[in-house]
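**Student:** Chains as they are written, first to last, in the numbering used here: chain A, 1 to 318; chain B, 1 to 407; chain C, 1 to 353.
Take the hints with a grain of salt, since some may be wrong.
To be verified - Rough simulated footprint, nothing fancy, chain B against chain A, three-plus residues with beta-carbon under 8 Å:
| no. | stretch |
| --- | --- |
| 1 | 166–180 |
| 2 | 256–263 |
Unchecked claim - Listed next, with one range per pair, are the computed distances between beta-carbon atoms:
| no. | chain 1 | residue 1 | chain 2 | residue 2 | range |
| --- | --- | --- | --- | --- | --- |
| 3 | B | Arg-319 | C | Glu-83 | 19 to 29 Å |
| 4 | A | Lys-55 | B | Gly-182 | 33 to 43 Å |
| 5 | B | Gly-182 | A | Ser-222 | 53 to 63 Å |
| 6 | C | Lys-191 | A | Lys-211 | 35 to 45 Å |
| 7 | C | Glu-83 | B | Ile-247 | 55 to 65 Å |
| 8 | A | Arg-310 | B | Val-228 | 18 to 28 Å |
| 9 | A | Leu-43 | B | Leu-178 | 47 to 57 Å |
| 10 | C | Asp-214 | A | Leu-143 | 45 to 55 Å |
| 11 | B | Gly-182 | A | Thr-42 | 24 to 34 Å |
| 12 | A | Leu-132 | B | Trp-315 | 46 to 56 Å |
| 13 | C | Pro-18 | B | Val-202 | 46 to 56 Å |
| 14 | C | Asp-278 | B | Arg-24 | 54 to 64 Å |
| 15 | B | Gly-182 | A | Lys-211 | 56 to 66 Å |
| 16 | A | Ala-127 | B | Ile-247 | 37 to 47 Å |
If you are wondering where the hints come from, they were derived from the structure by calculation, not from laboratory data.
We put the CB at the ideal spot given by N, CA and C, even for glycine.
Single-letter residue listing:
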Amino acid sequence: MTTIDASAAQDLAAVPVRPQAATKVKKERANWFFRVAIAWLTLVAVLVLYPAIAKLFNAEHALGSALPDLPETWFFLADPNARDAAKINAGPSWEHLFGNASFGQDVLSRVVDGGAISLFVALVGTAVGIGLGGALGLLAGYLRGWVDSIVRLVITVTLSVPALLLVIFIVTVRSQSLFNVILAVCLLAVPAIARIVRGSTLQVADREYVKAAEVIGAKKTSILFREVLPNVMPTLISFAFLTTGIILVAESSLSFLGLSVEAPTITWGSIIAEGRIKFDETPHMVFMTALVLFLTVLSLNYVGDQLLKRYDIRESAL
Amino acid sequence: MIGIVLLILVALLAVWIIRTAGWRFATKRLAQAALILLIVTFGTTWLLRLSVVDEKINEALVELDLPAESGPCIVALGTGADRESVLGCVDDLKLDRPVYVQYGSWLGSMFSGDLGFAQYRTQIPLSKVLGDRAPRSLLLFVYSQLIALGLSVPAGVWAAYQAGKPGRRFPPTWLLPLIIAGAGALGFVAGWSGLAIAILAVLVPTYLFFGYKGGSGGDGLVNTSAFVILSIPAFVIGESLRYFFAIRSDVYDLVGYISPTEGLWDHARSMWLPSLVLGLALSPVYLRLLRSDMIANLQQDFTAVAKAKGLPNWWVLFRHVLRPSTLTLLTVAGLNIAQLVNGAIITEFIFDLDGVGSYFLEAVAAKEFFPLQTLVAIVAILFVGTNTLVDIFYSAVDPRVRADDEK
Amino acid sequence: MAGPMLEVEDLTVDFSTPRGNLRAVDGVSFALNEREALGIVGESGSGKSVLARTLINILAGNGTRTGTIRIGGRNIDELSRTERKHFFGVEVAMVFQDPMTSLNPVKRIGQQITEAMRYHLGVSRDESRKRALDLLEQVRIPDATRRLKQYPHELSGGMRQRVVIAMALACEPKLLIADEPTTALDVTVQKTILDLIDDLRQEKNMSLILITHDLGVARGRTDRIGVMYGGRIQEEAPAEWLFRDMRHPYTEALFRSIPQIDRPSHSRLQPIPGRPPDLLSPPVGCAFAARCRYSQPNCLEAKPDLVQATTTHRYACFHPVGTDDGAAALAANEAAGKNAAGLSLDEEREEIV
Chain A
1 MTTIDASAAQ DLAAVPVRPQ AATKVKKERA NWFFRVAIAW LTLVAVLVLY
51 PAIAKLFNAE HALGSALPDL PETWFFLADP NARDAAKINA GPSWEHLFGN
101 ASFGQDVLSR VVDGGAISLF VALVGTAVGI GLGGALGLLA GYLRGWVDSI
151 VRLVITVTLS VPALLLVIFI VTVRSQSLFN VILAVCLLAV PAIARIVRGS
201 TLQVADREYV KAAEVIGAKK TSILFREVLP NVMPTLISFA FLTTGIILVA
251 ESSLSFLGLS VEAPTITWGS IIAEGRIKFD ETPHMVFMTA LVLFLTVLSL
301 NYVGDQLLKR YDIRESAL
Chain B
1 MIGIVLLILV ALLAVWIIRT AGWRFATKRL AQAALILLIV TFGTTWLLRL
51 SVVDEKINEA LVELDLPAES GPCIVALGTG ADRESVLGCV DDLKLDRPVY
101 VQYGSWLGSM FSGDLGFAQY RTQIPLSKVL GDRAPRSLLL FVYSQLIALG
151 LSVPAGVWAA YQAGKPGRRF PPTWLLPLII AGAGALGFVA GWSGLAIAIL
201 AVLVPTYLFF GYKGGSGGDG LVNTSAFVIL SIPAFVIGES LRYFFAIRSD
251 VYDLVGYISP TEGLWDHARS MWLPSLVLGL ALSPVYLRLL RSDMIANLQQ
301 DFTAVAKAKG LPNWWVLFRH VLRPSTLTLL TVAGLNIAQL VNGAIITEFI
351 FDLDGVGSYF LEAVAAKEFF PLQTLVAIVA ILFVGTNTLV DIFYSAVDPR
401 VRADDEK
Chain C
1 MAGPMLEVED LTVDFSTPRG NLRAVDGVSF ALNEREALGI VGESGSGKSV
51 LARTLINILA GNGTRTGTIR IGGRNIDELS RTERKHFFGV EVAMVFQDPM
101 TSLNPVKRIG QQITEAMRYH LGVSRDESRK RALDLLEQVR IPDATRRLKQ
151 YPHELSGGMR QRVVIAMALA CEPKLLIADE PTTALDVTVQ KTILDLIDDL
201 RQEKNMSLIL ITHDLGVARG RTDRIGVMYG GRIQEEAPAE WLFRDMRHPY
251 TEALFRSIPQ IDRPSHSRLQ PIPGRPPDLL SPPVGCAFAA RCRYSQPNCL
301 EAKPDLVQAT TTHRYACFHP VGTDDGAAAL AANEAAGKNA AGLSLDEERE
351 EIV
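All chains should be built: construct the whole structure from the sequences, respecting the hints.
**Tutor:** The following block contains the structure:
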């Protein structure tokens, strides 16, 4: 039973060891919820973005005619604007899972349609935020000096006004178009992300391997892309998810107040606003849409949070 | 009257803080703040000029034979206004001069206390409107903060305390979708109220179950709850609670704001639900802050020493660990003007309270650019001002902050 | 009072961690009489700190203990609720290792000294303040009245440790446990603090458990010394006896690794090769066997029991130092160039751990 290693190696594994009794190792439960969150997000993305893509395919320009025709919407969805006088303000039923709106339109179709705008704003805002804000943060954090001072100034200035206030102000002064909403949202997202990326970059730039690369004489741009960026990337990705959620909430709040894109364009916030007018008759409009909104934001927050926990030492930034 | 007293107190506080921190650092910070405010206010003034005019305004412009920059005035006065009044407005607001003149004139009137008109047509001064409405929003702020702290502090302390202890395990994962599906089916059958009752019927026992000797499961439940509440947009919280308390039942009356001078009880009755909504929206962030600070402090040596002295757990928690853990929380709560402003706009809208937030929305609806710009500027001043003061205060307390700034 | 001040019988402490069960203390038994000072010596991971924390009842949430502990004749598991509330901190008190972190940074010194008094003994505020002043004088902190109102960061490390000692003595305990009280202090301050603890112990007729990793610290200030390794007591003897007549190879290795004034100058210090055992998968045999110069195959197979060699000396070893059996084992190993676990005995070889 004695296992003695006769070799001169310092192999202390020769010492017989009492094996661990079969103990329950805590299962990684988080995995399950994570997959559900990703699944929901994929579902929403596919469901909502498909009609937009189909429209692109069916469009009447050179590219559109070269591509095959696609049905403009999912088979189980109706035209979001089709009215049905018989079913005005009806509650959820098997035919209309989310109920009907004030002119009998199918709410489910409206939610899917409205999601396109809400998600589009969120995704574009996040993309610009990550792209531009990330770049600014990286440059500021790594290059320091006057670049840093300017970026810091821009960040502080933009963030000195509460978000909703600024967005509403911009949308009012300009006009309530999709472009202006996205513009306003980007104006918030870029400095917010720039600040976070700058902080992360400062930390990474301080680390030994970056200093080692500098000492070797590598060019600054090369260091930025090969040493700094890959280490800032995990933070960036997790914040991409978190920011999408935040912008989604911001846009929905905006259209809830009636200050986002105007009718007849549908957004999630506008459906909720519509539902609240005759709240006792149409609670389904509010709650079903709110449910979809909530689940989406929850999934985005959860995924972002989990990624942050896994790759970043900091506690969740929420 | 009270405003003047408050202003004097704030000024005294500011002077004291600056004295403690040292003039050099304070001046530097104040100069920075001034610069930022200059840029922000200038930006908003400039944005006014970039305002887009729609067709109706364009028609009126053409009709009255006026250049495009008179647009905002036409919007303010209405399309039916005559040329004279529009010209008078343009001259008043220096819209026809270069932007820096416009800004200078605005700045000048700000310093002299003239905040402009809340409604150009009726010439009601903005200062009067703000004076009337600001106390209402302020009360909403105070109440919601109190509720948020009242929810988050006990929960945060409790969760931190339970975090390390063995206790009930979180329910097996496959149980959750079953419960959700069951609740959903019930909802379909019993309607929204039935669904709400079903959800409560599931949640209340769960909370009670983990509430007693919860251990790390209890901590997990608090964390999950905070996370869920965090993911619900504020207006959804508002509308949902409004449905169940004001529409589905009569617990809350949607009468809008009732001033405390008209009766404290009525005032409370009008304010409790909006404050609860805003408080709920704020609490998850506070809870997380407090909980993580407390967990960090609970692992410190001095906690073990206190326990070794034989002091009971509640003594150690509340009289040893809580105090150093509240630092971050108090700072954030105190500086949370941004969240409060956002929340006020939405809450005042939902519950029909006429505070500054709803005035903001009214001005937006009427496209009153000028008071909007002034309002944004005022909020920015408040925000930057308090942040700077707190920064200076921190550096007085912790010299490392000063060194950080110079990095 | 009849019987010893402290009796520990077969104490075992386990921690349940995500990676399995960790046994920090493995069947430790010892006793301490009134006014006696026991030194517990061991390196990090030997279980001595866990032992201390168990005795003062601040075991972490995931720890479980079996065995009996009797303090002042009372079994701590059999205390009633009210007795329990006012037992720890009163009958037995502890001085912690790091004075920089042992004091609450946001509370004044006076408060920290008096709170135990006021909670346990119900002393009034004025009376407790008087007693605190008295205590500060006893631990030789000058200008006590001013110090009471100060915060910890206004005091130096040595002074903070004195405050920690004063805190521990606040309720006049009969048993004082000092867990590495000087490890975090400057060498010059160490001696004064240790002397202080010694003086106070004698003044107040307390029993003392002095926990340290430094044999030199234990020498001269303790009546008996227990050497811990791998969660067990490997040897226990009256202090000077241990130094003259040690039996356990670990004790010998510890001894050889500290500078001795009676050795020729420039003689090499002998560090102990190898690493402490992994407590998550502890070795089947003797915990020290892997690093022991004397170890033989039977050491790897079973743990030696504590053998009571004389009335006051016990040790746990199959091939003890200073016996014929041990000498033969050592010779055999030196001839082979390694011990039973394959560890090289070549002292010139660099051991990369």
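**Student:** Work down the list of hints and note, for each, if the structure agrees.
**Tutor:** Tested hints:
1. 166–180: holds (count 8)
2. 256–263: holds (count 3)
3. B:Arg-319 / C:Glu-83: 19 to 29 Å: holds, 23 Å
4. A:Lys-55 / B:Gly-182: 33 to 43 Å: holds, 39 Å
5. B:Gly-182 / A:Ser-222: 53 to 63 Å: Given a distance of about 58 Å, which is inside 53 to 63 Å, the answer is holds.
6. C:Lys-191 / A:Lys-211: 35 to 45 Å: holds, 42 Å
7. C:Glu-83 / B:Ile-247: 55 to 65 Å: Check passed, 58 Å falls within 55 to 65 Å.
8. A:Arg-310 / B:Val-228: 18 to 28 Å: Check passed, 21 Å falls within 18 to 28 Å.
9. A:Leu-43 / B:Leu-178: 47 to 57 Å: violated, 20 Å
10. C:Asp-214 / A:Leu-143: 45 to 55 Å: Because 51 Å falls inside the window, the suggested range holds.
11. B:Gly-182 / A:Thr-42: 24 to 34 Å: holds, 25 Å
12. A:Leu-132 / B:Trp-315: 46 to 56 Å: holds, 52 Å
13. C:Pro-18 / B:Val-202: 46 to 56 Å: violated, 30 Å
14. C:Asp-278 / B:Arg-24: 54 to 64 Å: The hint (54 to 64 Å, Cβ to Cβ) holds, given that Asp-278 (chain C) and Arg-24 (chain B) are roughly 56 Å apart.
15. B:Gly-182 / A:Lys-211: 56 to 66 Å: holds, 58 Å
16. A:Ala-127 / B:Ile-247: 37 to 47 Å: Check passed, 40 Å falls within 37 to 47 Å.
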